[in-house]
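J.: Residue numbers (this note's numbering), protein chains in the order written: chain Z, 485 to 720; chain B, 767 to 989; chain Y, 118 to 373.
Quick caveat, the hints were computed from the structure, so don't treat them as lab data.
Don't take each hint at face value.
[Stated by the list, open to error] Derived, one-sided and incomplete: chain Y residues facing chain B with beta-carbon distance under 7 Å: (1) L171; (2) G208; (3) A232.
[As the list claims (entries may be wrong)] Below are the DSSO-like pairs computed for lysine-lysine, each with C-alpha atoms no more than 30 Å apart in a straight line: (4) B:K818 to Z:K701; (5) B:K883 to Z:K698; (6) B:K785 to Z:K698; (7) B:K785 to Z:K702; (8) Y:K260 to Y:K124; (9) Z:K701 to B:K983; (10) Y:K241 to B:K883; (11) Y:K260 to Y:K201; (12) Y:K241 to Y:K254; (13) B:K883 to Y:K139; (14) B:K785 to Y:K124; (15) B:K883 to Y:K184; (16) Y:K124 to Y:K139; (17) B:K983 to Y:K260; (18) Z:K698 to B:K818; (19) B:K983 to Y:K124.
Backbone N, C-alpha and C define an ideal beta-carbon position, used for all residues, glycine too.
Here's the letter readout for the chains.
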Amino acid sequence: MNGNWSWDTFFEALPIVLEGIGITIGLTIACYLFALIFGFVWTILRRIPNKPINWIVTWVMEFIRSTPPLVQLFFIFYAWPMVPVIGMALDPFTSAVLGLGIHFSTYIGEVYRSGIEAVEKGQWEASTALNFSTRQKWIKIILPQAIPPTIPMLGNYLIIMFKEVPLASTIGVVGILHMANSYGAQYWAYLEPLTIVAILFLILSYPSAILISKLEKKMNRRFDKKAIVNSKGAVT
Amino acid sequence: MITISAISDIFPVLMQGIKITVTVLIASIICGYLMAFIAGFCRLSNNVILRKFTGLYVEVFRGTSLIVQLFWLYYALPILFGFDLGSDFWAGVLAISLNYGAYMSEIVRGSILSVAKGQTEAATALNMSSFQRMRLVIFPQAVRMMLPEFGNYLIQMLKATSLVSLIGMTDILYYGDILRSSNLSQAPTVYLLVLVFYFILALPLIWLTRRMESYSKKGVASQ
Amino acid sequence: MANPIVKYENVHKSFGEVKVLKGIDLDLMPAEKVAVIGPSGSGKTTIIRMLMTLEQPTLGSIVVDGKNLWQMEKNDQLMDANEKHLRQVRGDIGMVFQHFNLFPHLTILENCMTAPIHVQKESKASAKNRSIEMLEKVGLGDKLENYPSQLSGGQKQRVAMARALVMRPKIMLFDEVTSALDPELVEEVLTVIRGIANEGKMAMVLVTHEMEFAQDIADRVLFLDGGVIAEQGSPDEVFGNSENERLQSFLHRFRR
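Please put together the full structure from these sequences, using the hints given.
T.: In structure tokens, the structure reads:
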């Protein structure tokens, strides 16, 4: 290995590492969308009014959340094809979408749940009093109030997932980390390409984090105001 | 297929990795919390340079990915310090504790800032010095606010320890990978067992987190 | 005549652009009880917060027992006081807050004991005895091991008073101590203050909206308006026959 830092290596590796950026971003978006959709499944499952089912769902979620996503990734990529009957071979990209998507869907599901629970009880009662159907209740009354306050939290999870996506390089998804490692293996110089990867992450995630914290403040203001209006409304 | 005999073959092999996983976890937890408090207090310091420097550390480690930091430290440590001995262990522990230390330092800082202003004022009215105010009044309350988040990060750190297999440390996942590469058809049983191993390690942490949550609910005046 | 224990000289205070106090001159005698009244936003609270070193005056000086509170001499130069100086001078001052500010992580007894032990370096046994004594005096001898969250507002405020009194201050400051209480809890707090006042040893400054109480307890009443002391005198003078129109209309609102 090169004993010291070399700018020549840095600039040689830069275009090669950059080739992976499309895959990294693409995988982030795919995983995120999967988690957003699958998160709903957890939320719905948890609302089933049946104690044993509820208990099982809670512990399955807890299991997925408290075991390493890396192992889950390996399970889907290496083990799933070996599972009899339902198993099938998946390419690295799809495996990563499933693995990381399912892992983070358990977190996203909790975000949805917190949003729904934050909707006041009176809203349910009012929509019952107005004789809405269950479907209408959810679509017209509850979800429009439950979702917006969770947007900053959901945004945070986008950034968190972006930083977890390089795990997929371990099963051969050729994002920026994979490009850096294979450059390193080829020329026996890891430090420079890995530094490039770190810089790329910083460049992409730092502004997004600032954007989201701004959004969060804006949201807080908006909903606080709303709360004040509500409480005034209650007095008069 | 998952059979009893397969499990009894796999189980002892995975057991060999427990020691490394637990060692890395404990070392990371200690260093991570230490880092969180050091960086958290530095960010509240009156010294501008110290504050900015710590801010830079926090943003860099929160802004990049743990796995990238791990590889980077793994290759950089021998160059930076010129030592090779056990550098994979320290690369692993340093990466995890620096990464989560950065996240948790924000919790430390936020908790201290969110102890109500009246508490400082009451302590001042009792003629406490600024050090006494922090030690006797602010910090004990701030710690209670930190606990639930700190608990959650315990589990995050446990999950993170699985990454050290990627730099050649012989943890649970490492042995799992060896078993899988020697007999691919066993892969489902192997990885399922690896997951169960991690979950069993997580259970006490989950319990601890809940204890911390309920403990933190009392005894705080926050803004 | 004795020397004043506290002396404000031309004290000003601004928060950003807003001038809250525009030249306060005030002498407080040892053992004197002064009530400060006035419309909200008139700077009543700021006056005592500056004495407690919670706010720094923008201009002017406050002298406590012959020592300048906010300035100190170093190498023959007057400069802003450092923490050491502040701690030396404010040691004789105690304060009770509108929102109690009890330490929620400590029991009632610990709330009272902590400062004597750590600040005044008193022995633990002695601090404990005196704290228990003081808590019994305010009628909370049976709540020693309770936490603040388990008490009513009136009880909390009585603990806050015991906590301040254990420090044996020469000057006690009361910042609207009944404003955050439910009406039915006000009297129990006022009774305790009355008891302290009747012992007579301490100087007391009470910022308050309880006019009858002020009239009853104070040696002198200050009416603060527009950042200055607009009127002052004995309770009879201020409440009885002042010609100040602002004071008249202010008092009128309390007598309906």
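J.: Work down the list of hints and note, for each, if the structure agrees.
T.: Comparing the hints with the structure gives:
The closest approach between the C-beta of L171 (chain Y) and any C-beta of chain B is roughly 5 Å, which is under the 7 Å cut-off, so the hint is satisfied. At about 5 Å, the closest approach between the beta carbon of G208 (chain Y) and any beta carbon in chain B falls short of 7 Å, and the interface hint on this residue holds. This hint holds: A232 (chain Y) has a C-beta 4 Å from the nearest C-beta of chain B, less than the 7 Å allowed. Straight-line distance between C-alpha atoms of K818 (chain B) and K701 (chain Z) comes to about 23 Å, which keeps the hinted pair within the 30 Å bound.
For the given pair, K883 (chain B) sits about 25 Å from K698 (chain Z) by alpha-carbon distance, which is consistent with the 30 Å threshold. Between K785 (chain B) and K698 (chain Z), the direct Cα distance comes to roughly 44 Å. Violation of the 30 Å bound is thereby established for this hinted pair. The hinted pair formed by K785 (chain B) and K702 (chain Z) fails the criterion: a straight-line CA distance of about 48 Å is larger than 30 Å. Between K260 (chain Y) and K124 (chain Y), the direct Cα distance comes to roughly 39 Å. Violation of the 30 Å bound is thereby established for this hinted pair.
Pair hint K701 (chain Z) plus K983 (chain B) holds up; C-alpha atoms about 25 Å apart against a cutoff of 30 Å. For a cut-off of 30 Å, the pair hint linking K241 (chain Y) to K883 (chain B) stands: about 28 Å separates their Cα positions. Distance restraint check for K260 (chain Y) and K201 (chain Y): the Cα-Cα separation of roughly 35 Å exceeds the 30 Å cut-off, and the hinted pair is therefore not satisfied. The suggested pairing of K241 (chain Y) with K254 (chain Y) holds, with an alpha-carbon distance near 20 Å, which does not exceed 30 Å.
Under the criterion of a C-alpha separation no larger than 30 Å, the hint pairing K883 (chain B) with K139 (chain Y) is consistent with the structure, at around 26 Å. This hinted pair does not check out: K785 (chain B) and K124 (chain Y) have alpha carbons roughly 70 Å apart, beyond 30 Å. Straight-line distance between C-alpha atoms of K883 (chain B) and K184 (chain Y) comes to about 28 Å, which keeps the hinted pair within the 30 Å bound. As the CA atoms of K124 (chain Y) and K139 (chain Y) are separated by approximately 16 Å, the hinted pair is consistent with the 30 Å bound.
A distance of roughly 21 Å separates the Cα atoms of K983 (chain B) and K260 (chain Y); the hinted pair therefore holds under the 30 Å criterion. At roughly 21 Å between alpha-carbon atoms, K698 (chain Z) and K818 (chain B) fall within 30 Å of each other, so this suggested pair holds. Our distance criterion of 30 Å between C-alpha atoms is broken by K983 (chain B) and K124 (chain Y), whose separation comes to about 45 Å.
Checked against the numbered hints given earlier, this structure breaks hints 6, 7, 8, 11, 14, 19; the rest are met.
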